[in-house]
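J.: Next come the chains, spelled out residue by residue.
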Amino acid sequence: MKIVVCIKEVPDSAATLVAEDGQASWGDAPLVINPWDEYAVEAALNQEGDVIALSIGGEDSKIALKHALAMGCKEAIQVSDDALSNMDTQATAKVLSAAIQKIGDVDMAFFGRQAIDGDAGLTPAQTARVLGWSALTLAVSIAVDGDTVKVERSIEEGRETVSAKLPAVFSLVKDYGEPRYPSFMGIRKASRAKIPAWDLAELGIEAPATTVEVVGIENPPKRDVRVEMIDGGSPAEIAEKLAERIMAEKIL
Amino acid sequence: MKIWVYIDHFKADAVSASWEAIGAAKALGGDVAAVVLGFGVENLANSAFEYGADEVLLGQDAALEDFRVENYATALSALASDATPDLLLFPTTSRGRELAGMVAMDLESGVLVDVVAMEMDGDKVLATRPIYAGKLLQKTVCNATPQIVTLRGRAFEKPEAESGRSGTLTQVQVTSGDEKSTVEGYAEAGGGVSLTDASVIVSGGRGTSNNPNLTAPDGMSEDEAEIWRAQQGFALIAELAETLGAAVGASRAAVDANYIPYANQVGQTGKVVSPDLYIANGISGAIQHLAGMRNSKVIVAINKDADAPIFKFARYGVVGDLHEIVPALNEAMKARLG
Ligand SMILES: Cc1cc2nc3c(=O)[nH]c(=O)nc-3n(C[C@H](O)[C@H](O)[C@H](O)COP(=O)(O)OP(=O)(O)OC[C@H]3O[C@@H](n4cnc5c(N)ncnc54)[C@H](O)[C@@H]3O)c2cc1C
Ligand SMILES: Nc1ncnc2c1ncn2[C@@H]1O[C@H](COP(=O)(O)O)[C@@H](O)[C@H]1O
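Residue numbers (this note's numbering), protein chains in the order written: chain F, 1 to 252; chain D, 1001 to 1338.
Think of the hints as simulated: they come from the structure by calculation, not from any bench.
Where hints are given, some of them may not hold.
Here are the simulated lysine-lysine pairs, DSS-like style, with alpha carbons at most 27 Å apart [said to hold, decoys possible]:
#	chain 1	residue 1	chain 2	residue 2
1	F	K241	D	K1304
2	D	K1180	F	K222
3	F	K250	D	K1271
4	D	K1002	F	K102
5	D	K1026	D	K1002
6	D	K1312	F	K222
7	F	K250	D	K1002
Computed footprint of chain D on chain F; a stretch qualifies when at least three of its residues, placed anywhere within it, have a C-beta under 8 Å from a C-beta of chain D [as the list claims (entries may be wrong)]:
#	segment
8	57-66
9	71-84
10	135-143
11	225-231
12	240-248
Restraint-style ranges between C-beta atoms, simulated for each label pair [unchecked claim]:
#	chain 1	residue 1	chain 2	residue 2	range
13	D	E1184	F	Y181	30 to 38 Å
14	D	L1214	F	E237	18 to 26 Å
15	F	Q23	D	G1219	55 to 63 Å
16	F	N219	D	D1197	26 to 34 Å
17	F	D224	D	K1334	25 to 33 Å
18	D	L1214	F	A197	56 to 64 Å
19	D	Q1171	F	E59	49 to 57 Å
20	D	D1197	F	K150	28 to 36 Å
21	F	Y181	D	D1223	14 to 22 Å
22	F	Q23	D	S1081	49 to 57 Å
23	F	I187	D	E1042	57 to 65 Å
24	D	N1043	F	D224	29 to 37 Å
25	D	A1187	F	S234	40 to 48 Å
26	D	E1108	F	R245	48 to 56 Å
Nothing here was measured: the structure is a model prediction, and the numbers come from that model.
A virtual CB, placed ideally from N, CA and C, is assigned to each residue, including glycine.
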């Protein structure tokens, strides 16, 4: 049985972003593996079987793939094709599905819950739909027993236990447990690894149509807040002044 | 324009953002129908009328008693491909997001997800959505039919319910497809106000554990003592939250140190919230925390360090020890709110 983990690279979460000519720019902030995808790699490595990391993207996607190899994935595959720029999540899901099918014999496909660049959080469920597999998203725990799996999911109202037949798609929340750090040996291995690149011809598909069009990217309006510091006196006196200000906002 | 609003609910309890979506749909103009799927959910049809729907499509089937996204997607996609609405609106809940995503695949369309503002541009919805955790805004359109949009909770005004208002109720046949998975049980989250719906949030960070005046019970290791101290700090925060009818939030540092469960985490890898009032206690204001709460209307920061970055985003700031200020603020607010 094979296990696939789908990952991508994003600007570091501490990066400052600005809109320049309608594009997002993060200056010289580094690209890193999407933080949510680290949980996906962790969960994939905890299953029995060989884990293959998969990423659609250009040269930079190797940053994520090498991180996954360093964490312990057996193989990495990059899907790269000039026809794949500006994909929406619908197109990404179709290409990932084609790659998962080409890998073949895959029982479990792991995803991050959301990519912190576009913040869509759609690809896992959409890939599951294309493959016709169960979408077992936002998982806190995963227990495989033969060809069935039981997951505990974290939803707004609490926790839900769901059982399903494999194959299935999974995404993880933080309660799953912290992802491991790459080992020294892992980093060395990853730096030497040859990562095969597949193009669309190799997947046997045409570039899927993109239906979601980005018209522009803007800086958010500046928040015009000037902080008023409340000071002077005992905590009780400060609290009185602060309470007056809060009441005057007419929120409560 | 024919607009459908999907009414998201958990066990026949509607998510408030569903009603906000009805309001948003009416503001765009057009015929607004609410789609209610489930089992034993007639009451939601009445509420949908009261919140402004002109028509309700009610699809009930025992197979839809538990929400499994595959079944709901099959049912909704079938209805939409028959009736060809121009626009489908969903609230951005975990269910709404995935359901919209799957329906988009079925109908060969695309999703504009977690949108905070909409306007019409010809017959297209021009949507604004935060990206990079709100550091930037994206303007986007869907070039297929139906256009599919999910709306962020609390970004659109909830209409006033008009009691007794009614409209056209249409019972629809649902095809629920093959069961891919089964729900075996639920454990409800521990009470209190939910973070994403809250109009007031009181949060704590690593500073909650920093109270040298507290002596931990005998026999605790240093780690246990730290958690114990933090829990005393969070108890003060919970008392203030109760006075204000607020939800309790936390920074990741507080969650990672096991002071409080992950469900309370606010930020880039926690919950994104936009309450009217956010009170941050002992939180430095790291960029990843700000990402989750910067859209709060009024931010109050209480921090020992006058240089803490959180003060740059706050409307009101207090340089002081949260263990002294929070209980005093609780008393002062109690006196005012009764
Ligand atoms: C990929 C990634 C994702 C992340 N996601 C999130 C996220 O979702 N949410 C999040 O919050 N963080 C997130 N972080 C972590 C973030 O970078 C910060 O580390 C974290 O927010 C710090 O939490 P804190 O403010 O409680 O702690 P600290 O930064 O340690 O600040 C504690 C503050 O408490 C003050 N203080 C101390 N004692 C007292 C006292 N007695 N009274 C009053 N004030 C006191 C101090 O002056 C200080 O300002 C993420 C980081 C990464 C790398
Ligand atoms: N280009 C990509 N290559 C591989 N996996 C991806 C890609 N884009 C998204 N994913 C996966 O889908 C998840 C959710 O992405 P999104 O729907 O864009 O928020 C990510 O965390 C990844 O696991």
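J.: For which of the previously enumerated hints does the structure constitute a violation, in increasing order of number?
T.: Those not satisfied are hints 2, 4, 7, 8, 9, 22 and 24.
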